[in-house]
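Undergrad: Protein sequences appear in the order of chains A and B.
Sequential numbering from 4 applies to the first sequence in the working numbering.
Sequential numbering from 4 applies to the second sequence in the working numbering.
Just so you know, the hints here were simulated from the structure itself, not pulled from any lab data.
Hints may contain errors.
Stated by the list, open to error - In the EDC-like style, the derived pairs of lysine to aspartate or glutamate whose C-alpha atoms are separated by at most 16 Å in a straight line are: (1) Lys75(B) x Glu66(A); (2) Lys67(B) x Asp74(A); (3) Lys14(A) x Glu24(B); (4) Lys391(B) x Glu100(A); (5) Lys75(B) x Glu117(A); (6) Lys14(B) x Glu66(A); (7) Lys391(A) x Glu100(B); (8) Lys194(B) x Asp205(B); (9) Lys75(B) x Glu64(A); (10) Lys112(B) x Glu238(B); (11) Lys75(A) x Glu66(B); (12) Lys75(A) x Glu100(B); (13) Lys67(A) x Asp74(B).
Stated by the list, open to error - Reference listing, derived: stretches of chain B covered by chain A, where coverage requires no fewer than 3 residues with Cβ under 8 Å from a Cβ of chain A: (14) 7–17; (15) 70–79; (16) 105–117; (17) 216–225; (18) 253–264; (19) 371–384.
Claimed, not checked - So the derived list for chain B, only partly shown, Cβ under 8 Å to chain A, looks like this: (20) Pro45; (21) Glu52; (22) Phe144; (23) Cys350; (24) Gln358; (25) Gln360; (26) Arg367.
Idealized CB from N, CA, C, for every residue including glycine.
There are 2 protein chains.
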Amino acid sequence: MATFIEPRILKGFRDFLPPAEIARRTLLERLEQCFRSYGFVPIDTPALEYAEILLGKGGGETEKQIYRFTDKGGRDVALRFDLTVPFARFVAEHRGELSLPFKRYHIAKVWRGENTQRGRYREFTQCDFDILGSDSAAADFEILLLMRTALLSLGVGAVSIRVNHRGLFNRFLARIGALERSVEILRAVDKLSKIGREATQDLLAALLDPDKAREILRFIQVKGSFEETLAHLAEAVGGDAPEVQRLALLRRFMADTGTAASFVLDPSITRGLDYYTGLVYETFLHELPDIGSVCSGGRYDNLTGLYSKDTISGVGSSIGLDRLMAALEALGKLDTRASYTQVAIACMEENAAGQYQALAGILRHRGIPCEVLLETGKLTKQAILAEKKSARWLVIPGADPLKDPLTLRDLPNRTNQEGLSIEQLIARLQEKRL
Amino acid sequence: MATFIEPRILKGFRDFLPPAEIARRTLLERLEQCFRSYGFVPIDTPALEYAEILLGKGGGETEKQIYRFTDKGGRDVALRFDLTVPFARFVAEHRGELSLPFKRYHIAKVWRGENTQRGRYREFTQCDFDILGSDSAAADFEILLLMRTALLSLGVGAVSIRVNHRGLFNRFLARIGALERSVEILRAVDKLSKIGREATQDLLAALLDPDKAREILRFIQVKGSFEETLAHLAEAVGGDAPEVQRLALLRRFMADTGTAASFVLDPSITRGLDYYTGLVYETFLHELPDIGSVCSGGRYDNLTGLYSKDTISGVGSSIGLDRLMAALEALGKLDTRASYTQVAIACMEENAAGQYQALAGILRHRGIPCEVLLETGKLTKQAILAEKKSARWLVIPGADPLKDPLTLRDLPNRTNQEGLSIEQLIARLQEKRL
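From just these sequences and the hints, can you work out the full model?
TA: Shown next, in the form of structure tokens:
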């Protein structure tokens with residue numbers, strides 16, 4: 004007896020069957036459409052890089068999760084675990100070929116050997132977009148605006164983009180004499196939305212004296228409108244600091260574009276990551292706040308510091324596509340088509356396959372995608388197959404498919420229109436906006 | 004002094020800068036458009052699989068080239084080296100979820116540690132499309148027709164799709180008593196176009212007696228038209244075999260669709276690979292025959308044989324995207340845009356960035372992608388930056404960008420149109436079909 008290899012995939016990895024892959028591609032195409040309409044351009048980098056490049060900053064969670072191995076040429080290599088580190092390497096390597104400010108997007112898979120019990124995948128898609136080489140408020144704002152445009156284009160409903168300024172936070176920490184613990188403080192504050200106010204206070208109190216911990220908790224409270232919170236922060240740092248001016252200018256840009264309702268100034272947003280130095284932001288869906296941030300990022304001072312002495316700053320954001328897909332599914336808003344075609348041509352006679360393709364060619368040429376069914380058989384069976392493939396219409400050709408009258412079957416309604424010429428068929432289908 | 008990590012990528016791997024990535028995406032989008040218009044649907048599978056799954060057939064070149072390692076969970080894993088083996092595993096695993104005939108496409112990267120001296124890459128993109136679960140001539144023909152449509156859509160000029168039938172070849176070998184050496188004979192014949200007639204005859208003579216070698220060389224000659232060659236083959240196998248009927252039917256479908264000029268019956272096409280059993284084909288560009296086949300494939304009897312006792316046959320094809328990109332570049336037909344936008348809005352005043360974005364929003368809403376420049380500076384400098392980003396038009400706003408008259412600069416012609424309202428600006432840009 005033959006023995007078979009069990010067909011299975013690795014834990015944390017997924018197959019995408021057509022409906023899921025079509026849904027995924029629909030989202031990606033909408034995002035790309037937005038990026039492109041703003042003048043952002045795509046790049047790509049290798050999935051595999053020297054481990055030294057990817058692990059530069061070294062250690063910690065990354066080292067534990069990365070897929071790293073020695074290739075047949077003895078090189079120490081690894082699969083990329085995000086798109087930021089390869090982007091830094093890319094910019095350092097191609098600095099002379101890029102016109103700054105450089106606006107790029109990068110949509111690609113990344114790999115992390117994460118604990119799958121937390122509902123995480125080991126292979127997932129990241130969508131990053133960044134503006135490199137401009138310190139302007141205009142660049143900060145363009146990323147914020149593009150985040151909003153891109154997310155709204157997906158049909159997830161209203162969003163709250165919660166923004167803060169790391170520089171302002173640090174200024175405040177300096178003022179209360181707590182700047183030297185800023186990294187730990189930022190990480191503690193970053194947990195606020197997950198662990199709550201009290202637990203955060205405990206974390207802070209372990210780092211600082213209780214008075215200072217309380218002061219920090221007062222500082223990070225949203226005080227109402229953007230302006231009110233900004234006034235509260237300005238007061239806490241002792242007046243009109245450059246970071247306050249930057250936030251005020253961004254607030255003005257929001258008003259100028261009629262987008263102010265999508266933004267909240269939230270001093271508790273810090274982002275855990277070391278490299279942010281200016282604006283930081285996270286994005287929540289009104290209809291599904293519990294899934295957490297679906298799009299986050301910030302401004303950084305020195306992207307390429309590991310690889311070169313050139314200092315290049317930028318501002319960028321990353322969309323978590325898998326989380327968004329789950330959100331859209333939960334909201335019942337995921338594209339669930341099983342095909343891009345809504346029209347199928349029935350197979351009445353094996354030897355007429357060429358003529359069915361000629362008929363299909365006329366429809367495709369007129370902008371109507373259509374699938375030619377390949378096997379003869381009862382029309383009811385062909386109709387069931389067509390419906391399984393998401394077709395809405397079945398074209399039933401005559402003995403001479405290009406000359407004889409055609410029948411158009413409306414599959415969900417089980418009705419036929421008979422005696423159609425090809426032109427009439429096309430007109431009917433175009434009316435339905437296929 | 005700080006030490007830096009040298010920014011570099013692995014040999015055989017590539018970065019795609021925006022112009023190359025835009026060109027690549029343009030090709031992929033055109034291909035996808037074709038696949039979708041025929042009712043083919045996308046799938047995706049993991050980049051990483053159990054090595055046992057990928058190496059099932061085992062050994063040889065694959066084993067030498069595959070990126071294989073042990074993951075942190077002790078699993079023996081590898082990066083996919085093609086899209087056929089993962090597809091077989093996918094079908095065996097999800098058999099019950101697929102409606103047959105199943106028409107799928109899969110565009111994804113694959114990895115092989117090839118010898119880069121032959122101009123090969125270690126990371127490259129494959130575009131596979133297959134019809135599973137139909138033995139019909141209609142399915143064979145649909146793949147052939149889609150190959151033609153897809154390649155023509157890329158603008159590579161005329162193509163020759165050279166087809167043959169492996170079953171017919173085997174029938175001939177049986178007739179001359181050489182069937183037991185068929186695998187070696189097929190591989191020898193597969194080399195004909197590379198090594199020439201004489202060297203092929205030597206290879207065959209090493210396998211068989213010289214008379215049989217000569218007979219095989221006579222058999223594999225193109226005799227003129229499709230019909231003439233088919234008549235010659237029919238005679239050589241002793242009459243009207245089922246394979247001859249299949250080829251005659253395909254010839255009829257070609258005539259019915261007006262595509263016969265793109266197809267050649269070429270008995271020397273065998274494809275080296277074991278798993279083909281029926282139709283086989285390779286595609287050559289008229290303008291660049293020397294780059295070899297850009298799209299090849301065939302019919303197979305048993306895709307999932309390694310993983311399950313279910314026998315599922317199919318027919319499919321694979322486009323070598325990297326080779327096609329090189330071809331289009333050689334023909335000067337590669338899309339060389341540096342951006343998807345042709346319109347840039349100048350930055351006259353830092354604090355007006357919100358209003359520039361509001362203006363840009365109106366244009367984008369009317370279907371005109373446009374980039375907002377982010378830094379103030381001399382207009383000539385901004386014009387140079389815009390041109391580097393492939394912009395054709397620079398919009399120069401007034402002090403109130405949404406109310407004051409606008410100037411539209413034609414960048415390549417260095418001419419200005421002044422005093423435009425937003426509506427007039429949009430009309431001008433729409434005339435240019437942006």
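Undergrad: Determine for every hint whether it applies to the structure shown.
TA: Here is how each hint holds up against the structure:
Distance check on the hinted pair: Lys75(B) and Glu66(A) sit about 11 Å apart at the alpha-carbon level, within 16 Å; holds. As the CA atoms of Lys67(B) and Asp74(A) are separated by approximately 11 Å, the hinted pair is consistent with the 16 Å bound. Annotation: proposed proximity of Lys14(A) to Glu24(B) is violated, straight-line Cα distance about 32 Å (limit 16 Å). A threshold of 16 Å between alpha carbons decides the hint, and for Lys391(B) with Glu100(A) the separation of about 11 Å falls inside it, so the pair holds.
Between Lys75(B) and Glu117(A) the CA atoms are separated by roughly 10 Å; this keeps the pair inside 16 Å, and the hint holds. For the hint linking Lys14(B) to Glu66(A), the alpha-carbon distance of about 23 Å lies beyond 16 Å, and the restraint is violated. For the suggested pair Lys391(A) and Glu100(B), the alpha carbons sit about 11 Å apart, so the restraint of at most 16 Å is met. For the hint pairing Lys194(B) with Asp205(B), the CA-to-CA distance comes to about 12 Å; that is within 16 Å, so the pair holds.
A hinted pair counts as satisfied when its Cα atoms are at most 16 Å apart, and Lys75(B) with Glu64(A) qualifies at roughly 13 Å. Proximity of Lys112(B) to Glu238(B) is assessed by CA-CA distance (about 44 Å); at most 16 Å being required, the pair is judged violated. Restraint check for Lys75(A) and Glu66(B): the C-alpha separation of about 11 Å stays at or below 16 Å, so the hint holds. For the hint pairing Lys75(A) with Glu100(B), the CA-to-CA distance comes to about 38 Å; that exceeds 16 Å, so the pair is violated.
This hinted pair checks out: Lys67(A) and Asp74(B) have alpha carbons roughly 11 Å apart, not beyond 16 Å. With 10 residues having a beta carbon nearer than 8 Å to a beta carbon of chain A, the region 7–17 of chain B meets the requirement of three or more and the stated coverage holds. Counting residues of the region 70–79 of chain B whose beta carbon lies closer than 8 Å to any beta carbon of chain A gives 7, which meets the minimum of three for the stated coverage. Coverage of the region 105–117 of chain B by chain A holds in this model, with 5 residues showing a Cβ closer than 8 Å to a Cβ of that chain against a need of three.
Counting residues of the region 216–225 of chain B whose C-beta lies closer than 8 Å to any C-beta of chain A gives 0; at least three are required, and the coverage claim is violated. Beta-carbon proximity to chain A at under 8 Å applies to 7 residues in the region 253–264 of chain B; the threshold of 3 is reached and the given coverage holds. With 6 residues having a Cβ less than 8 Å from any Cβ of chain A, the region 371–384 of chain B passes the three-residue criterion, so the hint holds. Of the supplied interface hints, the one on Pro45(B) holds, with its beta-carbon coming within about 5 Å of a beta-carbon of chain A, less than 8 Å.
Hint status for Glu52(B) relative to chain A: holds, with the closest Cβ pair at about 7 Å, below 8 Å. Given the 8 Å rule on beta carbons, the hint for Phe144(B) holds: about 6 Å separates it from the nearest Cβ of chain A. Annotation: Cys350(B) was flagged as interfacial toward chain A, and the flag holds, the nearest CB pair being 7 Å apart, inside 8 Å. The closest approach between the C-beta of Gln358(B) and any C-beta of chain A is roughly 5 Å, which is under the 8 Å cut-off, so the hint is satisfied.
Among the interface hints, the one on Gln360(B) holds; its C-beta lies about 5 Å from the nearest C-beta in chain A, closer than the 8 Å criterion. For Arg367(B), the suggested interface contact is upheld, since its CB lies about 5 Å from the closest CB of chain A, less than 8 Å.
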